[in-house]
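Novice: Sequence:
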Amino acid sequence: MSTTTETLAMPALMFSSSAKVPSIPGSPMSFNGGLDEADVKMTSDILNIISKYRLEKHGSGPASGHDTLKFFAVVYDQVKTNESIKMCLPAFPFKSPNHTTKVTGRLPDMTEQFALAHLNGLCAAIGDIYKPGAELTIISDGLVYNDLLGVPDKDVWAYGQTLRNLAVEKGFSKNIKFSRLQDLLHVFPSDDLDEISYVANATEFRRALLNSFGRPDYDPSFEISKNEDTCLTYRGYIKFLESDLKHVYPIGPERSKSKFKKGIEYVAKRMLMRGDAFARAVRERFPTHLRLSIHQTSSYHKGKTVTKLPTSLLPTNSSWTTPWHCCIGLKADGTILSLPRDQFDADPTFELIHDEKGNPSYFREKSPLFSFGENSSKVWIEPMYPTGLLIRPFASTSLHIKDIPIRQIRTLVERNAPVCLRDFKQATNRELFIQKAEEMGKILGWPGRYETILSVKDIGTQSGEYRAGSALSAENMPFHYDGIFKTTQDPVTGKIHSVPPRFQMFTAVTPGDPGTGFTLFAASRLLFRYMPQDKLTLEDLRKMTMEVNTTSFAGVALTGLPIVVDHPTTGLPCLRYHEHWPQSKTKFDPMDTTIDPVGIEGHTDESVRGILDDLLYDRRVCYRHAWKKGDIVISDDFAMMHTRTEFVSGGDRELWRIHLD
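Numbering-wise (this note's numbering), the sequence shown opens with residue 1 and increments by one.
Treat the hints as calculated values from the structure; they're not laboratory data. Be aware that a few hints might be false.
[To be verified] Between beta-carbon pairs, the in silico distance windows are:
hint, residue 1, residue 2, range
1, Lys495, Ser319, 50 to 60 Å
2, Asp191, Glu265, 32 to 42 Å
3, Gln435, Thr570, 23 to 33 Å
4, Leu538, Gly214, 46 to 56 Å
5, Asn359, Ile434, 35 to 45 Å
6, Glu83, Asp192, 23 to 33 Å
7, Lys425, Asp513, 23 to 33 Å
Don't be surprised by glycine CBs; every beta carbon is placed ideally from N, CA and C.
All chains, full assembly: derive it from the sequences and hints.
Specialist: Here's what the structure looks like:
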């Protein structure tokens, strides 16, 4: 145990790492003895990551020191035993029964896919700093409430099964697990459960829940009047029930508005009663898990304990944060919106997009940028989380690299990068790849290094005369923009300037081993959105400059580089930065980066770099591309920063890269 008395920071709480902390009522653990300093810091870092996904709504307030200590205790207990961070989230019940004005149908669509990607990002972000990683169990509460809303048990099964299949298909199943109501009750072996047995036993599952965990003395009206969080949940139920049930129980000659209002209030209170029983079952089944919640909580009040962490499921700014109550819409500039269906239907600038099977998936802004001409009906355009687009031919069709409208893709990339073009035939044909690049713009070689294509692959631990740093190795690379070290000298002043390209165009000749060699793309628009305004602002960054020095590329020293520039087409601010890469991180030449904070109070070179580095790797900002053979990936070198993770040295991973102006 640590004996230091250094004070370490936690969210909303400060205490000594060697302090004696008393037992916490309701906590699965008690602190007995001193705390290990390294474990305290790791726990604090993990909670800071989770706080980035906090649900921010009117009425939500920070947890008190007591509550934060309780959450800290749950995580610390797992960190000190080197276990994965276990979290649970009751959510994803079924699609709203209102398919007319709220959702696209009864099955998960792109909205659920984005929510799962967002939650997977939370777990993966913890795994980035904590080797055992994190595991989130989604506990479906569908059978707890569905009969109250007139949703068939069969629909609850179909929704849950499709959600599970989606998690496996998208690679989320390592971090995200699922649990059903009967798993909490131990009344039916999960391995023996199928659609028929699920539906046949659904009523028994509900009865068992209420018999085992229901409170006969639970009075929802009393709880609403005395418990602010219960009142918030009740108001939330009322809000959604008004729209969920408007077509199930339509107002008309036989049902007045007041009768409908009275009816949904009754349903909401029944939901509170069942929800109380369900919450008790979750606490018993998952006693050591960190409890996440889709519901907001009130500000701390004396005598009141916060037991759940409100968590946003969608990376949007609207109040619609639960995917079973809304749809998502994609704008041409990459913005993702979450709104009820009728708002998209009423907007003539949006259209509903169907997947290859004909199922409604998401809404998309009408734009010629999404057109593939005569082949538009043959391609699937999918928004990637958190940025970029995946474009591929439907499985029933066949398209060639020549069919790609590359000038249009260029304009699209300027607004929403990267764009991955997958499964187009002849994508690794060198001559055709160069021809397609020439259609897009002027190819920029690098005299003395390469004329057209750079073959990006591992050439060993020594780069010899090439001296291109870690680019041609299997090492991790720093975040950067291409061309910072491609320089020209002003003949009058003698000052050296970098001459970066506008675009990069890659194709995967050989993708390499799965799970390695990811290419990371961080979007400036998302980085500035999530930048902590109390620590650093865009206006601050615009005043700062950067100095970069390296002995690579025959030795380059650049000074006075602006950290923020405006995009030459969209005019949006773009980050121009090179991650500091000391000798301790590479076998090759280091890259020394220094930021001049120009005397802005509270900022130092180290503090600014720390904030930027954290944001660049933030899973809400950074897309991680796993290469497949023939992937053509195009990125904007102004709007995006990029890097690469390590892969097996000596492997056959090879990408072709072309720079374009």
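Novice: Please go over all the hints and tell whether each is borne out by the structure.
Specialist: Hint check results:
no.	hint	verdict
1	Lys495 <-> Ser319: 50 to 60 Å	holds, 51 Å
2	Asp191 <-> Glu265: 32 to 42 Å	holds, 41 Å
3	Gln435 <-> Thr570: 23 to 33 Å	holds, 28 Å
4	Leu538 <-> Gly214: 46 to 56 Å	holds, 52 Å
5	Asn359 <-> Ile434: 35 to 45 Å	holds, 39 Å
6	Glu83 <-> Asp192: 23 to 33 Å	holds, 29 Å
7	Lys425 <-> Asp513: 23 to 33 Å	holds, 25 Å
Figure legend: structure checked against the earlier numbered hints; every hint is met.
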